[in-house]
Amino acid sequence: MEYSKNECILKIDNVSLTLDSKIILQNVNAEIKNIVRPGMTQGQVVGFLGPSGVGKTKLFEIMAGLLKPTSGNVFVGEAQKPVAPGRMGVVQQNYPLFHHRTVMGNLEIAAKKTISDSQKRKDKIFEMLDRFHLRQHANMYPAQLSGGQKQRIAIAQQLLCSDNFLLMDEPFSGLDINMVDEVSEMICEISNAHEHNTIIIVSHDIVSTAAISDTLWIMGRDRDAQNNIIPGAKIKHTFDLIERGLAWQPDIKKIPAFNELINEVRDLFLYL
Amino acid sequence: MLTQIKPLFIPNSRNNRSVITLMIVLQVVVFLVIWFASKSTIFPTPVEIIKALGRLFEEQNLAYELWTSTWLCIKAMGIAIIISLLIAYATVIPFFKPIGFLISKGRFLTLVGLSFVFTQMTSGSSSLKTSLMVFGITVFFVTAMVSIIQSVPKYEFYHARTLRMNEWQVVWEIIVLGRLDQVFEVIRQTFAISWTMLTLVEGISRSEGGIGPLLLNQQKYLHLDAVFAIQFVILLIGILLDWGIGQMKEFFLPYSSLTVEK
Ligand SMILES: Nc1ncnc2c1ncn2[C@@H]1O[C@H](COP(=O)(O)OP(=O)(O)OP(=O)(O)O)[C@@H](O)[C@H]1O
Ligand SMILES: [Mg+2]
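Protein chains in written order, with numbering that gives the first Met the number 0: chain P, 0 to 271; chain W, 0 to 261.
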């Protein structure tokens with residue numbers, strides 16, 4: 000498969016985080032490069048795995064510019080500017096929406112920031128509603144929607160107002176198998192809509208995440224000689240799934256090498 | 000039948016309308032029977048109360064006194080809502096936090112003790128009563144609002160910030176618009192408090208009349224039937240206004256009742 004990894008579009012540079020004198024993250028380093036495939040638009044999907052409570056959500060908040068790290072920095076885009084809130088789309092774990100606004104109102108307020116012409120804004124919103132099968136819910140309030148529907152609105156809201164990056168915390172949790180497939184498809188579709196589109200998925204669902212990722216980050220902590228956890232998580236392992244021939248494969252779950260990968264990741268989890 | 004009655008005693012169970020109606024009617028009937036049957040010297044019978052009510056309307060101008068009191072309450076409520084909201088919203092700015100904190104501590108002061116200070120600061124019975132009421136409502140209102148504002152979860156702020164809102168827009172969207180339904184709830188609660196303060200405040204400054212002095216007078220002459228009649232009317236109007244506020248909330252904020260288990 001022909002591809003190349005070009006310029007760096009996201010760089011986590013020596014990020015550390017201490018909360019209430021508790022070391023959460025210690026010297027986290029990682030980068031995402033623009034993947035280019037001749038003759039097609041190829042975005043990036045990074046699966047971000049790790050045990051519960053290790054610090055995934057915290058790093059995620061730092062990447063989004065919402066939480067200031069104790070030290071270190073996150074740079075985004077070709078120009079490698081320090082991240083600021085709003086540049087990264089963020090879909091949080093519980094898909095928050097403005098409960099006092101209808102679906103339409105929620106999308107409208109997001110689109111206002113990026114599209115000033117009101118007719119263009121309307122067109123774009125309706126395009127989103129159709130894409131996510133939400134048109135018939137346009138005038139409902141979030142309280143009247145299912146979890147899956149809320150998630151799609153939260154995604155649509157972020158897509159309307161961020162450039163290229165989308166961070167998703169637990170996008171598969173609480174969804175049935177069909178919905179997981181649907182969300183997976185949606186993630187691939189979004190990532191391939193623009194060369195620089197990059198989606199980072201935080202998840203506990205190793206299989207679903209690995210199936211659509213081109214790269215896996217595994218976050219964990221070191222252990223001392225007595226097998227006790229040393230505080231301060233970092234990205235301990237990075238899997239390049241393209242190199243292994245496990246990226247962009249439609250029927251990936253049937254490939255034996257994929258199952259080996261999953262087992263490899265599972266084994267790693269025992270020592271994180 | 001039994002299968003329909005059983006859920007009435009199970010927590011959080013849902014019951015159909017006719018069963019609930021029947022239950023309420025039964026409870027009221029039992030209550031009335033006990034009331035009629037009791038030969039208590041303290042509690043007047045319903046008939047005595049109704050008679051007293053008629054007398055109060057004819058001889059004591061009850062309707063007018065009621066209007067005076069209700070108007071005082073509504074006026075004080077309106078002023079207090081504006082002042083309280085301004086103070087409460089201002090507490091998102093660190094500089095104003097201590098003021099909100101201090102004002103909420105005013106709940107522990109008594110209005111009777113403050114009446115002298117307020118008399119010095121105001122001119123006339125009407126403005127004295129209004130300012131006492133406004134003070135009494137504001138301290139509770141600010142307390143409730145500040146606690147609502149403090150308990151807004153972090154992820155809501157994050158959500159607004161990821162949508163490129165600046166901090167003023169975040170406050171407008173999350174604290175002001177996003178909590179309007181709760182403001183209505185606070186209005187309801189503090190209205191009930193203000194309604195109970197009313198007779199006390201009117202008792203402090205009696206020259207303009209109102210339901211408070213009327214009640215105190217009847218009590219002085221031990222007209223217990225009249226006292227109960229007035230209490231009954233106060234209760235009724237209170238419930239009515241409370242219901243009105245609830246209706247307004249439904250009307251202006253249709254989303255507010257969507258998450259409630261019916
Ligand atoms: N305000 C805080 N003060 C101190 N420690 C905190 C604070 N918030 C979170 N933590 C700690 O930071 C650690 C990382 O939390 P984080 O939410 O990032 O975990 P996570 O990897 O996302 O877990 P999960 O997969 O369960 O969502 C946890 O151990 C938590 O106890
Ligand atoms: Mg988490």
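No wet-lab data here; the hints were simulated from the structure. Errors might be hidden in some of the hints.
[Said to hold, decoys possible] Here are the simulated EDC-like pairs of lysine to aspartate or glutamate, each with C-alpha atoms no more than 16 Å apart in a straight line: (1) P/LYS149 - W/GLU155; (2) P/LYS112 - W/GLU166; (3) P/LYS32 - P/GLU77; (4) P/LYS149 - P/ASP129; (5) P/LYS111 - W/GLU172; (6) P/LYS112 - W/GLU172.
As the structure is a prediction and not an experimental result, all values here were calculated from the model.
Original post:
Where does the structure disagree with the numbered hints, that is, which hint numbers, in rising order?
Top reply: none
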